[in-house]
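Student: Chains as they are written, first to last, in this note's numbering: chain A, 1 to 514; chain B, 1001 to 1290; chain C, 2001 to 2380.
Hints were generated in silico from the structure; no laboratory data involved.
Careful, some of the hints might be misleading.
[As the list claims (entries may be wrong)] Reference listing, derived: stretches of chain A covered by chain B, where coverage requires no fewer than 3 residues with Cβ under 8 Å from a Cβ of chain B: (1) 104-111; (2) 116-125; (3) 204-214; (4) 340-348.
[What the hints assert, rightly or not] The calculated label-pair distances, taken between Cβ atoms and stated as ranges, are: (5) B:A1006 <-> C:G2125: 54 to 64 Å; (6) B:L1005 <-> A:P334: 46 to 56 Å; (7) A:H64 <-> C:P2018: 33 to 43 Å; (8) B:R1275 <-> A:R76: 50 to 60 Å; (9) B:Y1241 <-> C:N2285: 25 to 35 Å; (10) B:R1142 <-> A:E352: 34 to 44 Å; (11) A:V319 <-> B:L1004: 49 to 59 Å; (12) C:A2154 <-> A:V319: 14 to 24 Å; (13) C:V2038 <-> A:P402: 44 to 54 Å; (14) B:R1275 <-> C:G2125: 54 to 64 Å; (15) B:S1052 <-> C:A2154: 44 to 54 Å; (16) A:R261 <-> C:V2308: 54 to 64 Å.
Heads up, the beta-carbon is just placed ideally off N, CA and C, and yes, glycines get one too.
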Amino acid sequence: MTPELEHRTPPPVLAARGISKSFPGVRALDRVDLEVAEGEVHAVLGQNGAGKTTLMNILFGLIHPDEGEVYLRGRRVRFRSPHDALASGIGMVHQTRRLVPAHTVLENLVLGHPRARGLLDLRRARQELEALCARYGVHVDLGARVWQLSEGEKQWVEILKALYAGVRILILDEPTSALTPPEVQALLRALRALVDQDGVTVVLVTHKLPVVRAVARTVTVLRAGRVAARLSVSDTTDHELVQHMVGQEVTLPTVQAPDHRGPVVLEVEDLSAYNDKGVLSLRGVSLTVHEGEIVGVAGVTGNGQEELAQVLAGLRPAVSGRVRLLGRDVTHLPTLDRWRLGLGYVPAERTEVASVAALSLVENTGLNYHFDPEFCPRGMLDRARLERLTRQILATFRVKAPHPYVRAQHLSGGNLQKLVLGRVLSRQPRLLVAHLPTQGLDVEAASFVRAQLLEAKARGAAVLLISEDLDEIFAVSDRVGALYEGRFVALVPRNEADPETVGAWMAGSLGRRA
Amino acid sequence: MNELLARSLEASTVFLLAALGELVNQRSGILNVGLEGLMLFGGTAAFLVAQSTGSYPAGLAAGIAVGGLLGWIHGLFSIRLRGDQVVSGMGLWILSFGLTTYLGSPHTGPLGLPRFPALVGLSPFVYCGTLLVAAVWFVLSRTSLGLAIRSVGESPAAAAASGVNVAGIRYLCVVFGGTLAGLAGAAYTLSYNPVWNYNFLMGWGFVSLALVFFSMWNPWVLLGGSVLFGAMWQLSLSPEYVLPGVLSRYVWRTVPFGVTIAILTVISTPWFRTRWGLAKPQALGVPYTD
Amino acid sequence: MRIGAYRLSVERAEAPSPPRVALGALLAVALALLLASVLFWTPESGPWTAYRIAFGYAFANPSGLGATVHRAVYLLLCTLAFLIPLRGGLWNIGLPGQVYAGALAAFAVPFWAGARELGSGTAGGVALLSMPLAAALAGASLGALVGLLRAKLAVNEILVTMMLNSVMFWLVSDFIKEGGAFMSATAEGESFTLPEAFRPPLPLGLPPSAFLGLAAAVVVDFVFSRAAAGYRVRTFGLNPQAARYAGIDPVRVSLWVFVLGGAFSGLAGYHYFAAVPGLYKIPTNYGYYGDLSFYGIICALIARGSAVGAVPMALLFAGLSVGGRFAQGALRLPFGVDYAILGLLMTTFVFSHLVDRYRVVWRRTAPAPTSAPPRPEGAR
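Just chain A, same shape as in the assembly (with noise of 0.2 Å):
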């Protein structure tokens, strides 16, 4: 911290000082200061990891810090809870959604208000979020279930929530991340007008440089749990916050995976499917996808991703539409079967779905393999062979673990999702369907994992890439594609699109067409 950009801030209106936090086997953070000051937009930047998030709770009361104290307008608080927060004046938007899918707009609007004492008086507070959704711009049916919403106005609900409550200190936990291009301006203008006209602070977690650009003034930047710099966003380059961000200079690892387009592997024609509320989100999709070769779709959660990703593997029925893999008719085949045939899926929930916390990394590497013949001789797993598999993919794929027969809930996310592709590709799969394979890993995981899908690309693989992160898309992908409300927008090579036009057609737009 600079002496002169003490001087320029006023004093803060929010700080932490000397915050440490501790999770079994992890320091989550260790001795990090924080000043946030009034009536600015403070940024915390740093990768996924560093901390930021487990910052922010502390700050909102969600948890408590080991050491370090957290000083509000001078004065020290101890949240016990979000409640005594809330109370103070500090709301908290977070990354994943806090609102309740099956309640009303209003209710969740209303719920934890300071007023909501014995009768709801649902009808006031109507009138009176109505003028402030007519102040801010913003257009929410305050009749509409939650569920029913899209993730921009999921998030719009929540942040009238804070306002509705009254906050002065609004902390946004990576608010751009589900937003398309479009709705991440339009939150951005929003941000900057309640900064300069309310006078609201605004403490902004992310770890994308341009948000930081456009909105911030100060930045605190984390690593590895400790703070790397406190700068002033005007007096520091790009450059220099990656650096304070990343530490050394990564290497990362590139693979340049020769383009051989083979056959035909995956073909899927006018495929329609139900989602688990009973809507039809996939609503006539048809695509193509040759050996050797890597396409990529984009979209916004909720667009009928899942349900394609589910679809292919056997895992959701198809309404109608037809999927063919290696020129068989698999669409009414059970999961078994399609493996058997050479499907290759990674699930984007790598611990609800891929892996069974509670069972060793052994028996976990069983989970595609217990129908192998070479691993169960005459229906008996073969234990040995199976091992001798998972310590292979714990070295190949460089997974943090002991020892192959530690409970897979004690590997980390990053760990996990590497063993998880590592199971899957070690099966020598025709077709890889790869849902979120990089979320929430840091910058090495995901790189390694994307030169994984490469490599499996060069042994002739068929790849289906489902992500959300354009720079993944187009960094890996021969043809590239968005899915908006279960349908293609477009799905060309990808020389013939660049990342705006594809962030256009997340948004259901066609964009400028190259």
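Keeping the supplied structure of chain A fixed, place chains B and C upon it in accordance with the hints.
Tutor: Frame of chain A; chains B and C shown alone:
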């Protein structure tokens, strides 16, 4: 015939009271499959206390207190210790089943007090149950507390982020559920059938639990369901009103249980689920870790 | 709690080690017996007199020992019936109903052979063999119903099995009371007595179902630890979503665990009512025997899903209930000593769960060096 109607309504009330408590419980996300155990224990406590003191109020108080205490224990295990709610519920049921058999068996037989006073020909529990339905409906749908309860059952993380005390609300509901289960047991042993017998409920609690699922977590539907089941139960005890001489009386006794399975099956079909199934509290039975 | 630079706290233990689990089980049993001793405390005799009498009868008295062993086999079969679905994450509390179904089916064989009227009848090996088979089949079909409803429609298996318990309870009454088909010609409210010819041989004093039960325990453990089928059931029990991902058919798993569980319960019904000396009929108080089957739940839970580990548990609880009944008569204790112990065991089991899920930790509160990698966000 009037007598049959009055008895049916009284039986309905026993179902209703237990199920209403469990409904509030489940709206807050806590599943108590040991409902029958709470009723057994509450009913036995009410019976023993009423018999030894000769006082119905004392018996009622004992039943309610024991039910509330067991509800709190279930809360302790499933909220504070984040245990498996099915394990805890089953534990409470078997505990109650075992202990009440031991504690109550020396007192096997009739209560030996003057009949529980009636109000305009009906057991006072009938009125009490109906009023409670209205009260529960009002609290759940018209008050901030009700909104908090529903939110905690749907999405505890969202409720906590809104400043709602998740554990506090859940304790409140689980103790309320326990007291109503205790009251239901007391209504059975003091008024409906004031004769103590080992395992006297023989499945009433489990039927009540099923009624909560049938009700789509709506107190008014629950009231209707309870009335139907009370009538069916009473008829299964005296089948001569419907089809005299057809089948043995033992076969008739199986009817309410068979019907329960049939209804459970119907409400589990995809057809029914996509239309009505959204009423189920999302966080039901899931331990909440913040 | 803070003491100097250390803080004492109770934390969740991630994965209990096998010795801790065994310790937890032993503690649970010991604590239940300790608590039960309070119930047995009579002014004339201290709490230990009751246990001395109970265990003396159950394990040292020849007729008591016989009853104990026969009951232990019954409990073991019930344990298997509960344990197999439990490994698949499903609760089979329909043990009594399946036991009754097994008993009725077993008695149907001599009934059709005319044993009720003649009081004797001739039975070849076929009849002897078809009795346990019919019992297993009846239990299995009852289980299949539950399994199918669970698998196809996700109907709550606890409620369905409990409802079937009541249905079967009254059906047994229908068969043995008030002129029911199986009612004894001489006594009201109980079934006809099995003629000699339909009683199975007793090598080593034990019916064949006893050997079958023991062998099954070994096989069940082996299948769960080694076979792919057992692996599939365990995976489904621990994480049904992951099981589906791996291509494990949830319908088949739910169906088969309940079919097998039901079959073992049915066999238990055959064993206790038709194969062990001293009964050979469905008695008036068949409900008591049905209730005993709930000990199977406790055995399986305390043995943490190990069938062989449940064998000593079954023996202990069988001894407790047989001896408890005896001590109850000798000391004029209230009825239901065995029920009380059952209830207490369940409670202490629930708490033993905590013993291995939580641990007391001393932790230095001074900052520790940071060598551990950062925790990924959103992982908590």
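Student: Next, verify each hint and record whether it holds.
Tutor: Structure-based check of each hint:
1. 104-111: holds (count 4)
2. 116-125: It holds, with 5 qualifying residues against the three required.
3. 204-214: violated (count 0)
4. 340-348: Since 0 is below three, the answer is violated.
5. B:A1006 <-> C:G2125: 54 to 64 Å: About 59 Å separates the Cβ atoms of A1006 of chain B and G2125 of chain C, which means 54 to 64 Å holds.
6. B:L1005 <-> A:P334: 46 to 56 Å: With a Cβ separation near 54 Å, L1005 of chain B and P334 of chain A satisfy 46 to 56 Å, so the hint holds.
7. A:H64 <-> C:P2018: 33 to 43 Å: Once the Cβ atoms are compared, 34 Å apart, the range 33 to 43 Å for P2018 of chain C and H64 of chain A holds.
8. B:R1275 <-> A:R76: 50 to 60 Å: 54 Å, holds
9. B:Y1241 <-> C:N2285: 25 to 35 Å: With a Cβ separation near 30 Å, Y1241 of chain B and N2285 of chain C satisfy 25 to 35 Å, so the hint holds.
10. B:R1142 <-> A:E352: 34 to 44 Å: 37 Å, holds
11. A:V319 <-> B:L1004: 49 to 59 Å: 51 Å, holds
12. C:A2154 <-> A:V319: 14 to 24 Å: 21 Å, holds
13. C:V2038 <-> A:P402: 44 to 54 Å: 46 Å, holds
14. B:R1275 <-> C:G2125: 54 to 64 Å: 56 Å, holds
15. B:S1052 <-> C:A2154: 44 to 54 Å: The hinted range 44 to 54 Å holds for S1052 of chain B and A2154 of chain C, with Cβ atoms some 46 Å apart.
16. A:R261 <-> C:V2308: 54 to 64 Å: 57 Å, holds
Figure legend: structure checked against the earlier numbered hints; hints not met, in rising order: 3 and 4.
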